Amino acid sequence: MNNQGTPATTRFSMQPSWTRLNREQSHQVLDKLSGHKDAVVFSKEATEVSWRSLPFYNNYRLYRLINYATMPTFSMMYLSNGDEFLSIDGTANPIYTINEKDGIRLNEMNVIPYLDFFFTNVQGSEGDIFLIKDPRKMPMLDSLSEGQQQSVISSFKPLKVSYDATQHVHRVSGTIYYGGGLISATILVSAEGKLAFQEQNLLLTGIHFPYSPYSQHWLEG
Amino acid sequence: MSNAPRLQDFLTNTQTLPPDDVMIEKALDILNHSAHGQQLADFVSVNQISIRIMATPQPTTYLPEGKLVYIGFSRNHPVSPARFVLMMAGILREAQQELAGIKHPHLHAPMQEHMKVSMAKHEDKVWYMCTVACELNDMEVFGEYKFLDELKKMGHEESLALYLKQERKNA
Numbered sequence: 001m002n003n004q005g006t007p008a009t010t011r012f013s014m015q016p017s018w019t020r021l022n023r024e025q026s027h028q029v030l031d032k033l034s035g036h037k038d039a040v041v042f043s044k045e046a047t048e049v050s051w052r053s054l055p056f057y058n059n060y061r062l063y064r065l066i067n068y069a070t071m072p073t074f075s076m077m078y079l080s081n082g083d084e085f086l087s088i089d090g091t092a093n094p095i096y097t098i099n100e101k102d103g104i105r106l107n108e109m110n111v112i113p114y115l116d117f118f119f120t121n122v123q124g125s126e127g128d129i130f131l132i133k134d135p136r137k138m139p140m141l142d143s144l145s146e147g148q149q150q151s152v153i154s155s156f157k158p159l160k161v162s163y164d165a166t167q168h169v170h171r172v173s174g175t176i177y178y179g180g181g182l183i184s185a186t187i188l189v190s191a192e193g194k195l196a197f198q199e200q201n202l203l204l205t206g207i208h209f210p211y212s213p214y215s216q217h218w219l220e221g
Numbered sequence: 222m223s224n225a226p227r228l229q230d231f232l233t234n235t236q237t238l239p240p241d242d243v244m245i246e247k248a249l250d251i252l253n254h255s256a257h258g259q260q261l262a263d264f265v266s267v268n269q270i271s272i273r274i275m276a277t278p279q280p281t282t283y284l285p286e287g288k289l290v291y292i293g294f295s296r297n298h299p300v301s302p303a304r305f306v307l308m309m310a311g312i313l314r315e316a317q318q319e320l321a322g323i324k325h326p327h328l329h330a331p332m333q334e335h336m337k338v339s340m341a342k343h344e345d346k347v348w349y350m351c352t353v354a355c356e357l358n359d360m361e362v363f364g365e366y367k368f369l370d371e372l373k374k375m376g377h378e379e380s381l382a383l384y385l386k387q388e389r390k391n392a
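Chain order of the listed sequences is A and B. Under my numbering, the letters of the first sequence match residues 1 to 221, in that order. Under my numbering, the letters of the second sequence match residues 222 to 392, in that order.
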C-alpha cells in the first residue's frame, strides 16, 4: 500500500463495457422487477436490459434498463445480484446498503472508480458533485468563458490517492466541482465505502454549467 | 467563506418534502390557474391519469403507458415547485398526444419517420410548457415561482425566446 499520496491520474482502471441480455433474460429481469411494490413500469417490447460489473463488488452488478419507445430514451439503473434489485435513486442509501450486503472491497486501484460511480449516482443537497481528473477534459468546460476556463485549469489540483492504515480509510485529495464552485478537498473513504470530506478549500466560484455533468442530454425537457 | 458550497453536508438531506400525493395535488392545483394548464388538469381527471413520483438521480419524466406518467428527481436535491409543475405539464401533454393517437413511431420505423413524428411531438410539448409557464408567470400570486427562469434552467431558453417572439408577432 502506498501511504505517500501518489498521483492517481494514470491509474484509473477502465470501466468494463455493458453486456446486453437476450430477450428471454431481459424478460426475466423485468418480471422480477415488476413484482416489486412501486416498481417503475417498463414495456417488454421496447426495453433493453444490460449489465456491467463493478470492480468493488463481488456478487452485485450494475443493471441498466433503457426504454427505447420514449424520446429521449428513459433509463434506470439497479444494483442486483440477480435476485434482489435495488434502484439507484440519487441518494447514497442503495449504494451503502449493497456495500454492507456484498462486503465492498476497496483498494487504491478501485477507489477512484468507486467515487466516480458514487458521484454519478448520488446528488448532494446542492446538486451534482464531480471529481475532476483532467480539467481540460472536463464536461462542458467550453460552456464557460475563456477567463473561467483558464481559472479552472490554473486552480486544478491533481488527484492523489493514499491509504491510511491506522484509520482504515482511503484518502483521495483533489479538485471537485460542487454547488457552482471548484473546491480542493480530501475525501475519506472508509472500508465500508462511506464518504466524509476534509481539508476543504474553495478555489473558484460562479462556475455554472448548463446541464448536469452526468446527463447525456439537457435536464428534464 | 460564505459562498462556499457545504461539501460537509453533501449527504445530509436537510429538505423535508411533502407526501407525494400532496405534491401532485398541489401541482395540479397550480396548473388549474392557467388556461392551458387547466386543460391538462381536466385531462387527468377525465381520463383517470395516474401520476407517480419516482426517485431518480437526475430530474426526469417518463410516460410508459398512455395513462401512467412518472416525475422523477433525487430526494437529496429535489426540483423546485415551479420545475415540478412544468415537468408535470410537459409529461401530461405527452400523455395527451398518446391518447389522441399521436404516438412515437415503432422502433423499427424509418429514421425519417422518427425525425418527423418525434420532433413534432417534442416541439408541441415544449410549446405547451412555454405557454403554461408564461400564463402562470403573469400571475402575481405565483411571482416567487419564477416560471420563466425555471424553464430556462431546464434548457429551454432558446425555445422560450422563439415562443415569445412568435407570441409578440401574433399579438
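Hints are supplied without guarantee of correctness; some may be wrong.
Here are the simulated EDC-like cross-link-like pairs (lysine to aspartate or glutamate), alpha carbons at most 16 angstroms apart as the crow flies [what the hints assert, rightly or not]:
hint	chain 1	residue 1	chain 2	residue 2
1	B	K374	A	E126
2	A	K44	B	D242
3	A	K44	A	D31
4	A	K133	A	E146
5	A	K194	A	D102
Hints in this document: simulated from the structure, not taken from any laboratory. What you are looking at is a predicted structure, and each value in this text was computed from that prediction instead of being measured.
Against the structure, the hints come out as follows:
{"no.": "1", "hint": "K374/B to E126/A", "in the structure": "15 angstroms, holds"}
{"no.": "2", "hint": "K44/A to D242/B", "in the structure": "28 angstroms, violated"}
{"no.": "3", "hint": "K44/A to D31/A", "in the structure": "9 angstroms, holds"}
{"no.": "4", "hint": "K133/A to E146/A", "in the structure": "20 angstroms, violated"}
{"no.": "5", "hint": "K194/A to D102/A", "in the structure": "14 angstroms, holds"}
The structure shown violates the earlier hints numbered 2, 4.
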